[in-house]
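Colleague: Now for the letters of each chain:
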Amino acid sequence: MKGLRHPFLQGAIVIAVGFVIFKYVIGYVLPVFGIASAPVPASVVFQYTLTVLVGVLLYMSAEESRWEKFREPLKRTMVDHDRRRLRGVLMVAIPALVGWLAYQNVKPSFGAPATLRSVHPAPPNQITYRGLPIELRGLENPLRHSGTLEEHVAVGRAIYTKNCVPCHGDRLDGDGHFAGAFNPIPADFTAPGTLPQLTESFVFWRIAKGGPGLPQEGAPWNSAMPAWENILEQDEIWATIIYLYEQSGASPRTWEAEGEEGAEE
Amino acid sequence: MRLHQAVRFAVLALFLAVPAAVAQDAAAGKAVYDLWCAECHGAEGLGDGSAANAMLPRPRNFSEARYQVRTTGSGELPTDADLVNVIQNGLPGTTMPGWPNLSDSETGDVIAYIKSFSRFFGQGDAPQAMDFGRDPGGGPAALEAGAAAYLALECEACHGSTGRGDGTSAPTLEDWRGLPIRAADLTEAWALNGGSSVEDIHTRVLTGLDGTPMPAAIDAMNGGVVTPDEVWQLAHYVASLGARETPPLLEVVRVGRADGALPADGSDAEWEDVEAFHFPLGGQVIEIPRNFAPTVDGVWVQGMHDGSDIVLRLQWNDPSRSPDPLWDEWQVKLMGALDMDGADSIALDSLGAPTLRPADAFTVQFPFEIPEDNERPYFLAGSARNPVYLWRWNSQDGVSAARGRGMESFEDLVDDPVVGDASWADGRWTLYVRRSIQSEDALSFTDGVAIPVAFSAWDGSSAEMGKRASISSWYYVLLEQPPSSTVVVTPLIAMLLTGAFGLVLVRRAQDRGRA
Numbered sequence: 001m002k003g004l005r006h007p008f009l010q011g012a013i014v015i016a017v018g019f020v021i022f023k024y025v026i027g028y029v030l031p032v033f034g035i036a037s038a039p040v041p042a043s044v045v046f047q048y049t050l051t052v053l054v055g056v057l058l059y060m061s062a063e064e065s066r067w068e069k070f071r072e073p074l075k076r077t078m079v080d081h082d083r084r085r086l087r088g089v090l091m092v093a094i095p096a097l098v099g100w101l102a103y104q105n106v107k108p109s110f111g112a113p114a115t116l117r118s119v120h121p122a123p124p125n126q127i128t129y130r131g132l133p134i135e136l137r138g139l140e141n142p143l144r145h146s147g148t149l150e151e152h153v154a155v156g157r158a159i160y161t162k163n164c165v166p167c168h169g170d171r172l173d174g175d176g177h178f179a180g181a182f183n184p185i186p187a188d189f190t191a192p193g194t195l196p197q198l199t200e201s202f203v204f205w206r207i208a209k210g211g212p213g214l215p216q217e218g219a220p221w222n223s224a225m226p227a228w229e230n231i232l233e234q235d236e237i238w239a240t241i242i243y244l245y246e247q248s249g250a251s252p253r254t255w256e257a258e259g260e261e262g263a264e265e
Numbered sequence: 001m002r003l004h005q006a007v008r009f010a011v012l013a014l015f016l017a018v019p020a021a022v023a024q025d026a027a028a029g030k031a032v033y034d035l036w037c038a039e040c041h042g043a044e045g046l047g048d049g050s051a052a053n054a055m056l057p058r059p060r061n062f063s064e065a066r067y068q069v070r071t072t073g074s075g076e077l078p079t080d081a082d083l084v085n086v087i088q089n090g091l092p093g094t095t096m097p098g099w100p101n102l103s104d105s106e107t108g109d110v111i112a113y114i115k116s117f118s119r120f121f122g123q124g125d126a127p128q129a130m131d132f133g134r135d136p137g138g139g140p141a142a143l144e145a146g147a148a149a150y151l152a153l154e155c156e157a158c159h160g161s162t163g164r165g166d167g168t169s170a171p172t173l174e175d176w177r178g179l180p181i182r183a184a185d186l187t188e189a190w191a192l193n194g195g196s197s198v199e200d201i202h203t204r205v206l207t208g209l210d211g212t213p214m215p216a217a218i219d220a221m222n223g224g225v226v227t228p229d230e231v232w233q234l235a236h237y238v239a240s241l242g243a244r245e246t247p248p249l250l251e252v253v254r255v256g257r258a259d260g261a262l263p264a265d266g267s268d269a270e271w272e273d274v275e276a277f278h279f280p281l282g283g284q285v286i287e288i289p290r291n292f293a294p295t296v297d298g299v300w301v302q303g304m305h306d307g308s309d310i311v312l313r314l315q316w317n318d319p320s321r322s323p324d325p326l327w328d329e330w331q332v333k334l335m336g337a338l339d340m341d342g343a344d345s346i347a348l349d350s351l352g353a354p355t356l357r358p359a360d361a362f363t364v365q366f367p368f369e370i371p372e373d374n375e376r377p378y379f380l381a382g383s384a385r386n387p388v389y390l391w392r393w394n395s396q397d398g399v400s401a402a403r404g405r406g407m408e409s410f411e412d413l414v415d416d417p418v419v420g421d422a423s424w425a426d427g428r429w430t431l432y433v434r435r436s437i438q439s440e441d442a443l444s445f446t447d448g449v450a451i452p453v454a455f456s457a458w459d460g461s462s463a464e465m466g467k468r469a470s471i472s473s474w475y476y477v478l479l480e481q482p483p484s485s486t487v488v489v490t491p492l493i494a495m496l497l498t499g500a501f502g503l504v505l506v507r508r509a510q511d512r513g514r515a
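In order, the protein sequence lines correspond to chains H and A.
Letter 54 of the first sequence, counting from 1, is numbered 54 in the working numbering, and no numbers are missing.
Letter 65 of the second sequence, counting from 1, is numbered 65 in the working numbering, and no numbers are missing.
Pulled out of the complex, with its shape left as it was, chain H reads as follows:
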């Protein structure tokens, strides 16, 4: 393993390992072990790898003898007669690689343009329901203080099954029989990022005003979510919300938790 002591090889290995971590380990290996993660965008991978390269060069050039040793293979490849074959190959391969990368950048693309959409945009303080104002801030589910849970779940279940199942699905996971026709796809109520993160008043707002009631950053023109105020009574929506939380096993976010977070900001 004498070769491993050579600074050039060490530097090359550090850069390669860094690239593999940024490109693959973070996005694809971590989730295998149950750690929430997402693929790193190519531009960020490029930036990080560049940072590692600069770090390697700084380290190598910090000491004169190490720098000499680090440069040696590069120099030999450029100068030595017995490396003329390798030299020739590199003189063709490197420009070809650069040309290919340039082509990837300028070739005509038929991908969908990137559109930004806020999935959980900030709710307004007040909404209107069929014209009547409702204060959202601090709003609790009124059915939590009247009737029985079983009654509300039964009402909510029937409303959900007729009205919501076609898109959000029987399993509440956003995979209803029409889900594939809509883009963005319907919300998955079993995902940890949906119901448990939201207050019941937020869910009420999203159900009552639907896609057309989203703010601009929520791309209201794309959402297939109906404005249910046109179809359902307020108590029917509140019962459906109770059903959603009961059936998915999630607990709504409380206004106390919301307030604590707000105080931290």
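Just so you know, the hints here were simulated from the structure itself, not pulled from any lab data.
Predicted, not measured: the structure shown is a model, and the values here were computed from it.
Check before you lean on any hint, since a few could be wrong.
[Stated by the list, open to error] Sample of chain A residues facing chain H (criterion: CB under 10 Å; computed from the structure):
| no. | residue |
| --- | --- |
| 1 | Thr95 |
| 2 | Ala129 |
| 3 | Arg290 |
| 4 | Gly382 |
| 5 | Asn386 |
| 6 | Pro452 |
[Said to hold, decoys possible] Short, incomplete list of chain A residues facing chain H, as computed with Cβ under 7 Å:
| no. | residue |
| --- | --- |
| 7 | Asp48 |
| 8 | Asn53 |
| 9 | Ala54 |
| 10 | Tyr378 |
| 11 | Ala450 |
| 12 | Gly513 |
By construction, the Cβ of each residue, glycine as well, lies at the ideal position given by its N, Cα and C atoms.
Knowing the structure of chain H, use the given hints to seat chain A on it.
Modeller: Just chain A now, kept in the frame of chain H:
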């Protein structure tokens, strides 16, 4: 026994052993059933849940113990493995989803509970899967023999000559309850309720779909009409009629630039070489009256342009060429069976025929102008503030352009140069539309820019009109730009610069080495 046979046997044995090993506790199954199944199938298993009439086909009535997807003979009860299969994988093309979230023991328990709804289970021996024989294999000769079996078994009477469910009997089909039922569109195998593999199709053909007009071919086989091998070959043939998997969703219709003339109509042979993009359509369930059981479930889109005109070809499957009096009975039965969600009812005349036969229709929707930023009109036919530009076709009036400000607010654009026509053959509409790229009054197409597009479809014979449509989200059309020199020049310059830089570097290093 060869090794691969041994492996197959082991896999099969494992498959058969799993359901048998599942504990079945009907009391525990009731809890699962009440939580996930009862709202559609009813608390007593009668298939009469609260939203049952918004579903066609209806949820199963477990008290009748009549099951379509079985490996047992016609009229027999399903095996436990059959029930596991349906619960885990669902019934594609219906409102029954798969339940992979249930554990094996929950699935076993719920099966025990479902069986308790019917007095038929538990009598006599446990149901046994039929012997399905050996698949003699596919290939061109098998497909030819399968096509012959398709005719011999009179499959085309319901499924049509090309399998799109448009046979002459199709308008009259009903299930055992008298509810209208579609002959499956065999070209969309991903939506076959019993699965899309050759084995799945073979099993359905041989055992039939109990409670539907689909017979069990085993009777014809035993009567000598077809041989066992020919039934397998029929399955290969049916599987070859279309894609088995849902087509991939690519969000952008690539509208290529034609070298010569654009296709002159929808039947032009040139279309064969143009890439087709599939977009799924779903029922309009956003505004009342909603469409809970739409006919058209997708559209194939192709496009070309020549710098001055753009042409699109749109193809979608619809077994009826509406308006067609032959489908009167279907229309009446459907209006009676399906929750029409408050749509204006169509009166019947003294003979029981509908007084209105809606036309088939299709709409291609664009924004009125290319959006400057991300903002687009509301995908559902636009809004008062931000209208959409529509190419509207129906089977009676042809193609015209309109401005849309919501699903029931249209304004005809009589001077718009859009032209087109449509033809129907073997259960499929082909719509051809052509317009100049530039327009004074409406959308001007710009090449190289992704332009939002959306689609909607109506099947008149299923009383679809107005808001009772099949709809899509916004997707894009992108017109290919003329060949540009930068695509060649930029990489060349990059290569030359890199090469020159490398040469200088090497030369300097060598000079220094010599010095």
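Colleague: Hint by hint, note whether the structure agrees.
Modeller: Results for each hint:
no.: 1; hint: Thr95; verdict: holds, 5 Å
no.: 2; hint: Ala129; verdict: violated, 28 Å
no.: 3; hint: Arg290; verdict: holds, 9 Å
no.: 4; hint: Gly382; verdict: holds, 9 Å
no.: 5; hint: Asn386; verdict: holds, 8 Å
no.: 6; hint: Pro452; verdict: holds, 9 Å
no.: 7; hint: Asp48; verdict: violated, 13 Å
no.: 8; hint: Asn53; verdict: violated, 10 Å
no.: 9; hint: Ala54; verdict: holds, 6 Å
no.: 10; hint: Tyr378; verdict: holds, 5 Å
no.: 11; hint: Ala450; verdict: holds, 5 Å
no.: 12; hint: Gly513; verdict: holds, 4 Å
Taken one by one, the earlier hints fail for this structure at numbers 2, 7, 8, listed in ascending order.
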